[in-house]
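*Asks:* Chains as they are written, first to last, in numbering that gives the first Met the number 0: chain A, 0 to 297; chain B, 0 to 297.
Calculated directly from the structure, the hints in this document are not laboratory data. Treat the hints with care, as some may be off.
[Stated by the list, open to error] Reference listing, derived: stretches of chain A covered by chain B, where coverage requires no fewer than 3 residues with Cβ under 8 Å from a Cβ of chain B:
id: 1; stretch: 3 to 17
id: 2; stretch: 37 to 51
[What the hints assert, rightly or not] Here are the computed distance ranges between Cβ atoms for each label pair:
id: 3; chain 1: B; residue 1: ALA26; chain 2: A; residue 2: GLY92; range: 53 to 63 Å
id: 4; chain 1: B; residue 1: ARG267; chain 2: A; residue 2: GLN123; range: 12 to 22 Å
id: 5; chain 1: B; residue 1: ALA134; chain 2: A; residue 2: GLU29; range: 28 to 38 Å
[Claimed, not checked] Residues on chain A that point at chain B, a partial pick, calculated with CB under 7 Å:
id: 6; residue: HIS28
id: 7; residue: LEU32
id: 8; residue: ARG33
Glycine is no exception: its CB is placed at the ideal position from the N, C-alpha and C atoms.
Number of protein chains: 2
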Amino acid sequence: MKTFFDCIACFVRQSLEAVRITTPDEAVHEQLLREVLRVLGEMDMRQSPPAMAKRIHRLIREMTGQADPYRADKERFNRLALDVYPELKARVGRSANPLETAVRLAIAGNVIDLGVNHHLTDEQVHEAIDHALDAPFETDMAAFGEAASSAGNILYLADNAGEIVFDRLLIEQLPVEKVTVAVKGSPIINDATMEDAEATGLTELVKVVDNGSDAPGTILDDCSEAFRRRFNEADLVIAKGQGNYETLSEAGKDIFFILKAKCPVIARDLGCSVGSLVLRRSSCAEAVAGKGNDYARI
Amino acid sequence: MKTFFDCIACFVRQSLEAVRITTPDEAVHEQLLREVLRVLGEMDMRQSPPAMAKRIHRLIREMTGQADPYRADKERFNRLALDVYPELKARVGRSANPLETAVRLAIAGNVIDLGVNHHLTDEQVHEAIDHALDAPFETDMAAFGEAASSAGNILYLADNAGEIVFDRLLIEQLPVEKVTVAVKGSPIINDATMEDAEATGLTELVKVVDNGSDAPGTILDDCSEAFRRRFNEADLVIAKGQGNYETLSEAGKDIFFILKAKCPVIARDLGCSVGSLVLRRSSCAEAVAGKGNDYARI
Numbered sequence: 000m001k002t003f004f005d006c007i008a009c010f011v012r013q014s015l016e017a018v019r020i021t022t023p024d025e026a027v028h029e030q031l032l033r034e035v036l037r038v039l040g041e042m043d044m045r046q047s048p049p050a051m052a053k054r055i056h057r058l059i060r061e062m063t064g065q066a067d068p069y070r071a072d073k074e075r076f077n078r079l080a081l082d083v084y085p086e087l088k089a090r091v092g093r094s095a096n097p098l099e100t101a102v103r104l105a106i107a108g109n110v111i112d113l114g115v116n117h118h119l120t121d122e123q124v125h126e127a128i129d130h131a132l133d134a135p136f137e138t139d140m141a142a143f144g145e146a147a148s149s150a151g152n153i154l155y156l157a158d159n160a161g162e163i164v165f166d167r168l169l170i171e172q173l174p175v176e177k178v179t180v181a182v183k184g185s186p187i188i189n190d191a192t193m194e195d196a197e198a199t200g201l202t203e204l205v206k207v208v209d210n211g212s213d214a215p216g217t218i219l220d221d222c223s224e225a226f227r228r229r230f231n232e233a234d235l236v237i238a239k240g241q242g243n244y245e246t247l248s249e250a251g252k253d254i255f256f257i258l259k260a261k262c263p264v265i266a267r268d269l270g271c272s273v274g275s276l277v278l279r280r281s282s283c284a285e286a287v288a289g290k291g292n293d294y295a296r297i
Numbered sequence: 000m001k002t003f004f005d006c007i008a009c010f011v012r013q014s015l016e017a018v019r020i021t022t023p024d025e026a027v028h029e030q031l032l033r034e035v036l037r038v039l040g041e042m043d044m045r046q047s048p049p050a051m052a053k054r055i056h057r058l059i060r061e062m063t064g065q066a067d068p069y070r071a072d073k074e075r076f077n078r079l080a081l082d083v084y085p086e087l088k089a090r091v092g093r094s095a096n097p098l099e100t101a102v103r104l105a106i107a108g109n110v111i112d113l114g115v116n117h118h119l120t121d122e123q124v125h126e127a128i129d130h131a132l133d134a135p136f137e138t139d140m141a142a143f144g145e146a147a148s149s150a151g152n153i154l155y156l157a158d159n160a161g162e163i164v165f166d167r168l169l170i171e172q173l174p175v176e177k178v179t180v181a182v183k184g185s186p187i188i189n190d191a192t193m194e195d196a197e198a199t200g201l202t203e204l205v206k207v208v209d210n211g212s213d214a215p216g217t218i219l220d221d222c223s224e225a226f227r228r229r230f231n232e233a234d235l236v237i238a239k240g241q242g243n244y245e246t247l248s249e250a251g252k253d254i255f256f257i258l259k260a261k262c263p264v265i266a267r268d269l270g271c272s273v274g275s276l277v278l279r280r281s282s283c284a285e286a287v288a289g290k291g292n293d294y295a296r297i
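Next up, chain A with everything else stripped away, as it sits in the complex:
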């Protein structure tokens, strides 16, 4: 997916929200804003949105001297998610279709995206859970289940802190011994890092690796060689969230994208309405047939 110009205004908003976390000093806000406008004005707008966001958020971290501005937010949503986890796990257990219920809840967790909604409240997370359990969801769940069963190994690309607890509900429905979860290599917005995987106990359930990158998506060229090898060797990739869709939707690989469509640009690209639940298999026929997994060809 190529960057659409609509994303530029969103980066300006996001930058201001991010710098406000770090300091109440309006002079710093203004300085950052001017620098972001300058950088955006000169940037290659054909990069994926996560590639641009990576650059903008690096700038914010450098200018404010704060390596992880969203740390407190990440901890807050990890706690919130852990609080609701037991009840949601029981709900999956009681469901007539546990896999579908788990996918729905994993999508609910995708609402914890502070790049899209910086002012997310606890109540909105609870609303997203209720919505995801009831909303229309036309998808080929059987194909997803079969792909997971037949894969020799599964790479699960995590998205945000807090959200990874919801992912756990889904991972527990997969052949868990075959799953590796990948988190980000270092802080970017509220994306989950190894610190979050450990804090939420995910590392006790499955193997967790980091991808070596600080992009809010999966830019393969920006990831570590070890991660790229793992990606290349995976029989099945499950990619959570908008950022992973934006960066991998054209990668020649068998990928199931799981996300909530939270912005008009993504919704238009997916051909759905904003707020929709999405489980979408990548359309690379070669990859689906198991012949296109060579990273060099991506």
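Knowing the structure of chain A, use the given hints to seat chain B on it.
*Replies:* Here is chain B on its own, set in the frame of chain A:
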């Protein structure tokens, strides 16, 4: 009201929407976007939002060579408003409190603001009418009625095309022979100009003047001397919409601001929630007492 940094992202969005009206050529969109980012990055961010918008939209008109990109939209909403006018006029006539009903409908018309919502549908206008007739509206309507009755002359600062037909419903409840309506001096977004006042028949009901400016608000220094004199001599000013509030909220003058709070920045400044109906008297005690009407002191 000073510009808040939050408005900058909105200008970027607005610029892209405006340039897309003029051409489908993405190369032009990108060129405009880069230029707008450059200008915003170097702009005095302490100007009012309409002062900044004026500069941005001039740039769009210059770069695209289109003097009035929103002309078709303005005509569309003039027609829509004229279509519903007879029914709404009857509704005001049947109302137990015609003045309040007319104010509510004038506020409904304020939804026709393509700077805020470029993709406004006919259905949304109808929804805004229904909402305005039912929504909570705690205001001192009697004080407004008394101010209008006792004023020797009333200056009504119009906002957008289409909306001016809704304003007509309110003007008909005022001592109409004392009312002068001011429209913008030349095209800016979908703000009403003399062309719209004539097309909707407003010029047959009241005296209509233009303010000599192409700012989407009332920047007195940017208006014609004739308009400034009229503003200065008005006993009462009724100012429609966010742009007029942004530019006149601190003018030492007896002004009733009538608007729908459509964005978080305005809502915060007014101390209300987004979507609220607003009839707010300026808080200049001197002016309210009739002693502060000297423009030189503003």
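*Asks:* Hint check: is the beta carbon of HIS28/A less than 7 Å from a beta carbon of chain B?
*Replies:* Nearest chain B Cβ about 6 Å off; hint holds.
*Asks:* Is it true that the C-beta distance of ARG267/B to GLN123/A lies inside 12 to 22 Å, as the hint says?
*Replies:* Holds, at about 19 Å.
*Asks:* Under a C-beta cut-off of less than 8 Å, do 3 or more residues of the stretch 37 to 51 of chain A approach chain B closely enough to confirm the stated coverage?
*Replies:* holds (count 5)
*Asks:* Given a hint of 53 to 63 Å, does the C-beta separation of ALA26/B and GLY92/A actually sit inside it?
*Replies:* holds, 56 Å
*Asks:* Does the Cβ pair ALA134/B, GLU29/A satisfy 28 to 38 Å?
*Replies:* At 36 Å between Cβs, range holds.
*Asks:* Regarding the hint that LEU32/A lies at the interface with chain B, is the smallest CB-CB distance below 7 Å?
*Replies:* With a closest approach of 6 Å, the LEU32/A hint holds.
*Asks:* Hint validation: ARG33/A versus chain B, beta carbon distance must be below 7 Å. Holds or violated?
*Replies:* holds, 5 Å
*Asks:* Count the residues of the stretch 3 to 17 of chain A with a beta-carbon closer than 8 Å to any beta-carbon of chain B: does the count reach three?
*Replies:* Answer holds; 8 residues pass the 8 Å Cβ test.
The structure fails none of the hints (numbered hints given earlier).
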